[in-house]
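There are 2 protein chains.
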Amino acid sequence: MKSFIIRVAKISDSKSIVNLINELAEFEKEPNSVKINQKDIENDGFGKHPKFKCFVAEIEGKVIGMALYYPRYSTWEGPTLHLEDLIVSKIYRRQGVGKSLYLKFINEAKVNGFNRVEWAVLDWNIDAIKFYESSGAKILSDWRTVQMTKEMIDNYTFLNKKKIESL
Amino acid sequence: MKSFIIRVAKISDSKSIVNLINELAEFEKEPNSVKINQKDIENDGFGKHPKFKCFVAEIEGKVIGMALYYPRYSTWEGPTLHLEDLIVSKIYRRQGVGKSLYLKFINEAKVNGFNRVEWAVLDWNIDAIKFYESSGAKILSDWRTVQMTKEMIDNYTFLNKKKIESL
Numbered sequence: 001m002k003s004f005i006i007r008v009a010k011i012s013d014s015k016s017i018v019n020l021i022n023e024l025a026e027f028e029k030e031p032n033s034v035k036i037n038q039k040d041i042e043n044d045g046f047g048k049h050p051k052f053k054c055f056v057a058e059i060e061g062k063v064i065g066m067a068l069y070y071p072r073y074s075t076w077e078g079p080t081l082h083l084e085d086l087i088v089s090k091i092y093r094r095q096g097v098g099k100s101l102y103l104k105f106i107n108e109a110k111v112n113g114f115n116r117v118e119w120a121v122l123d124w125n126i127d128a129i130k131f132y133e134s135s136g137a138k139i140l141s142d143w144r145t146v147q148m149t150k151e152m153i154d155n156y157t158f159l160n161k162k163k164i165e166s167l
Numbered sequence: 001m002k003s004f005i006i007r008v009a010k011i012s013d014s015k016s017i018v019n020l021i022n023e024l025a026e027f028e029k030e031p032n033s034v035k036i037n038q039k040d041i042e043n044d045g046f047g048k049h050p051k052f053k054c055f056v057a058e059i060e061g062k063v064i065g066m067a068l069y070y071p072r073y074s075t076w077e078g079p080t081l082h083l084e085d086l087i088v089s090k091i092y093r094r095q096g097v098g099k100s101l102y103l104k105f106i107n108e109a110k111v112n113g114f115n116r117v118e119w120a121v122l123d124w125n126i127d128a129i130k131f132y133e134s135s136g137a138k139i140l141s142d143w144r145t146v147q148m149t150k151e152m153i154d155n156y157t158f159l160n161k162k163k164i165e166s167l
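Those protein sequences? They're chains A and B, same order as listed. Taking the working numbering, the leading residue of the first sequence gets 1, the next gets one more, and so forth. Taking the working numbering, the leading residue of the second sequence gets 1, the next gets one more, and so forth.
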């Protein structure tokens with residue numbers, strides 16, 4: 001195998017980051033769900049107040065994997081780090097790239113004194129679940145994620161317009 | 001019922017916020033899990049770079065509920081808002097306080113142009129799930145939360161010390 005390096009992402013990686021995000025969305029059977037583009041990644045990740053941080057894996061100058069994360073806040077533990085995406089491009093898998101990115105992320109949390117790391121996994125992604133469990137992480141089986149999309153937000157606030165005005 | 005107001009939390013609400021967090025932890029059957037204290041809330045929520053924002057519900061000068069939230073980042077949607085805790089003190093429930101805090105939070109997302117709001121719910125908390133669904137929110141049944149505690153982080157980074165040094 002070719003050797004790879006792990007490094008902090010730069011603004012010039014934005015196109016590669018978007019490509020990896022799209023590749024993951026296809027794997028997750030949601031190829032049309034990615035609404036952000038290269039410009040968004042440039043602005044949101046590399047502006048004055050970055051909304052996320054990112055490590056990338058590089059082989060011969062090509063970005064082939066990434067770990068994108070940001071801080072959250074637990075009212076039990078205080079500041080935590082959330083791993084939003086851990087992606088390795090398909091043909092570069094099973095060479096330790098994913099594990100290196102994962103370790104880099106978890107070590108980042110340790111070095112900076114975070115008391116918890118967390119992320120989400122699809123319940124049918126058995127390989128990922130096995131990997132996470134083998135690293136000592138715990139799957140919280142009794143918690144469910146709840147979401148409202150923009151359309152749901154618009155509907156709900158429209159239906160409750162009067163009440164919102166009174167708050 | 002006594003009338004309540006919803007307002008943005010102030011640093012002087014920190015003690016009330018911690019009390020509400022502890023009350024929720026008891027409801028969630030985890031009374032000893034809250035490790036943060038009043039000082040943490042003061043520093044983390046009301047310092048120069050706040051790690052969260054909060055609305056509180058007040059009845060006759062007493063804080064009896066809160067909605068604590070912060071931004072996250074979706075690689076599909078861009079910036080999102082996460083509702084970490086929605087709490088109403090037990091004896092003040094079923095008077096519309098929770099719904100008002102919830103509406104205030106969702107409207108905050110709308111007004112500030114966020115494309116998604118999200119939070120977590122325990123799968124046995126049927127009342128909460130029914131309420132969220134009645135508001136149009138969607139329970140994502142196939143996603144699971146994965147976490148490492150500080151102890152797990154320490155173990156995993158210790159076991160992989162050599163590898164981390166090589167990254």
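Keep in mind that a hint or two might mislead.
Treat identical chains as interchangeable: a pair holds within one or across any two.
Computed list of lysine-lysine pairs in DSS-like fashion (alpha-carbon distance at most 25 Å, straight line) [what the hints assert, rightly or not]:
1. K150 - K35
2. K48 - K35
3. K48 - K2
4. K2 - K138
FYI, nobody ran anything at the bench for these hints, they're computed from the structure. Remember, predicted model here, so these are calculated numbers, not experimental data.
Hints versus structure:
no., hint, in the structure
1, K150 - K35, "within (12 Å within a copy, 34 Å between copies)"
2, K48 - K35, "within (22 Å within a copy, 32 Å between copies)"
3, K48 - K2, "neither (35 Å within a copy, 45 Å between copies)"
4, K2 - K138, "neither (32 Å within a copy, 44 Å between copies)"
Going through the hint list in order, the structure does not satisfy hints 3 and 4.
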